[in-house]
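Asks: Each chain is listed here by its residues.
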Amino acid sequence: MRSLLQFAALVAASLAIAVTCALSGASYYYSSQHGQGCSSCHEMAVYGAGMHGSAHRNGTCLDCHEASLATKLRHIRVHLTRTWPETIRLRESDVFAMTPNCQKCHQQEYASWHAGPHAATYTQIFTNAGQNSRQHLMDDCLRCHGAHFNGAVRDLVQPQNEQGPWRLVRSDLANQPTIPCQACHQVHSHGTPQTRPAARISVGDEPIPDSLAFYDRREGEHFAVAALALPVLHEGARMVSVSPDPRSALCYQCHAPRPPDTGTPAALNGWGSQAGSGDDRTPTGVHEGLSCLSCHGGHNQNARASCKNCHPRMSNCGLDVEKMDTTYADAKSPHNIHWAHCEDCHQHGIPARENAPASPLHGALAGN
Amino acid sequence: MSSRGKTGTLTRRQLLSGAALGGVSLTIGCRLGRSSAWEFLSDEQARTLAALCDQVVPADDFPSASQAGVLDYIDRQLARVYRRHRAAYSDGLVRLDTLSRTRFGRGIAALSVDLQFQAVTAFAEQDKSFFELVRNHTLEGYYGSPRHGGNRDAVSWRMLGLAEPPIRGRAPYDLTKGSTS
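So the protein lines, in turn, are chains A and B. Just so you know, we're using numbering that gives the first Met the number 0 here: the first sequence kicks off at 0 and counts up by one. Just so you know, we're using numbering that gives the first Met the number 0 here: the second sequence kicks off at 0 and counts up by one.
Bound-form chain B, shown alone:
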């Protein structure tokens, strides 16, 4: 064994422990990030955002934005095609929370619906561009395709009177009798 071997041993040890650590961290690593069901948002951010979105589309006979899965939609997009809006969301939600605490003494999620309305109205004036961003994303999620996480069970389409999926019988034609369709 030469001194090079010694270096090798050292490297080996490092490599081995590194590898073992890697394996172990795979098993516990996941566990650390466990608490939130969201991909990008924290639970706290999700609560604030839900209050905001639900002022854009409140519940009536049909579900509100958050009930229809709009948060799932926004969260999934922030982890993907809307990565560029991440900072806007992180900062914007802090500003909304600050506004709410300053004026109403509590985070917006903890306010009554009436106060939430006042808070969001004030916020929309103060923070026009972020509010409009969230409003657009909310409407995309609420009226877009269910496959992207929002518009759960196609509720907004049902609200507009469209059956989804539609009831549609199979094509009626019979080739042996000449086409009728």
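With the rest of the complex left out, here is chain A:
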């Protein structure tokens, strides 16, 4: 009997030692330089390898990833039992824990994003009475808002009706951002060295980095912007010239147009998706062909400072465009900055030019 107890005690003691050794080993692994430690476990190698050529090659895994004692133990168990999944993915909690880590090194981007619309929280998006009384809550919401949430919309917000009042089932998410950095950026490029997905040619001189990528909730994967589609859009029957800037393909995943509604002229005549339908903001008129990022940028998507990049150089009217009657000067203006046409203001024809400087772009268009 005594020996049995002794034996049990011994087993317990040696287990404890094994765990201690393993943990200190694991801790060494996790914190070793450039993530060589983590990557030396087979199943992590691919994820580590993807870092080598990236902007983050000098970081360690723990700069971004949280690895609590529980996580380390789970990793050891999964490693020893060889039960890691076919594709290793971050869990919801990993993603939320990570965003503040991005802030450590990217103060400016973080502050700007935080001040802008994309940092909207789960409370703001999912308990919004204006939205919820007009539209059913549905799983599709999560495609554009809260893509990293792991569950169905009913696991997130209740009641699922149009009366409310609505509350988050997951109150821990109340102040979490619905569009965190990881919605638009990937850090690891995937696959082994052979893997090389096709890229769209960039419009500018600079190549578009793979790190700019849309997180597709359904696949649980990022799609590099070069792989994303740009929409084909029409204004009436006319095909609109859409900027080929690959970066704007990211915006179109959420600020997306719709097929024509039944009964509209576009639907009856088979003209195809219209610019400005749904949440689309594709410029037509004076700014047709410009990329979203010609005006919006800096992570808060503020367009206020952009006019100076082109005006008055490209102006026709000889006026300060910032003061003209558009939604830039006054949100209630009938002339939406995305869709203003010369004829909207000049309903009786374009006046003869007196003192306005020549517009290179307009000249080119007029020459056609």
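Keep in mind that the hints were calculated from the coordinates and are not lab data. We put the beta carbon where it would ideally sit given N, CA and C, even for glycine. Any given hint might turn out to be false.
What the hints assert, rightly or not - Chain B is faced by these chain A residues, among others (derived, beta-carbon under 8 Å):
no., residue
1, Ala44
2, Val45
3, Arg133
4, Asp139
5, Thr194
6, Glu218
7, Ala223
8, Gln252
9, Ala255
10, Pro256
11, Arg257
12, Ser276
13, Asp278
14, Asp279
Assemble chain B onto chain A, guided by the hints.
Replies: This is chain B only, laid out in the frame that chain A set:
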């Protein structure tokens, strides 16, 4: 302390050193298997397989099989649901390599694309069933869902003219105005 205790001491020592060893091997153990980024394949096997798969789907305006991640797909499945095909792959890749060395003097991965084509054509006749297995797996990887490691960035779907993920605006209806969708 009785003689039983002595046995206990011995056991303890064994257990303790065993445990310590276990812990240490956890820390260095991983390190030993480090060189390859693959779960099942060796680097050598991966090179041979890449040459074979890239004859099934060569690169044109769109990426080849290996460029689209087909090897990642096959490797991951061989470590899981296709465990039963492991021997077929290990043996088949050796046979392909042998054929290539006998006829062309080099491993297939080192041949020019033209010679690779000849080697694979000959191999497909000689080793019909393994070739067809690899061909099927290649097409699964190339045209299947990106989540399984192949069809990176959904390139094959784009090749077929499908946008993935599609550009699709939110549902337009407004309950307060009566449903329109």
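Asks: Each of the hints needs a verdict: does it hold here or not?
Replies: Hints, one by one, checked against the model:
{"no.": "1", "hint": "Ala44", "result": "holds (5 Å)"}
{"no.": "2", "hint": "Val45", "result": "holds (5 Å)"}
{"no.": "3", "hint": "Arg133", "result": "holds (5 Å)"}
{"no.": "4", "hint": "Asp139", "result": "holds (7 Å)"}
{"no.": "5", "hint": "Thr194", "result": "holds (5 Å)"}
{"no.": "6", "hint": "Glu218", "result": "holds (5 Å)"}
{"no.": "7", "hint": "Ala223", "result": "holds (6 Å)"}
{"no.": "8", "hint": "Gln252", "result": "holds (7 Å)"}
{"no.": "9", "hint": "Ala255", "result": "holds (4 Å)"}
{"no.": "10", "hint": "Pro256", "result": "holds (6 Å)"}
{"no.": "11", "hint": "Arg257", "result": "holds (4 Å)"}
{"no.": "12", "hint": "Ser276", "result": "holds (7 Å)"}
{"no.": "13", "hint": "Asp278", "result": "holds (6 Å)"}
{"no.": "14", "hint": "Asp279", "result": "holds (7 Å)"}
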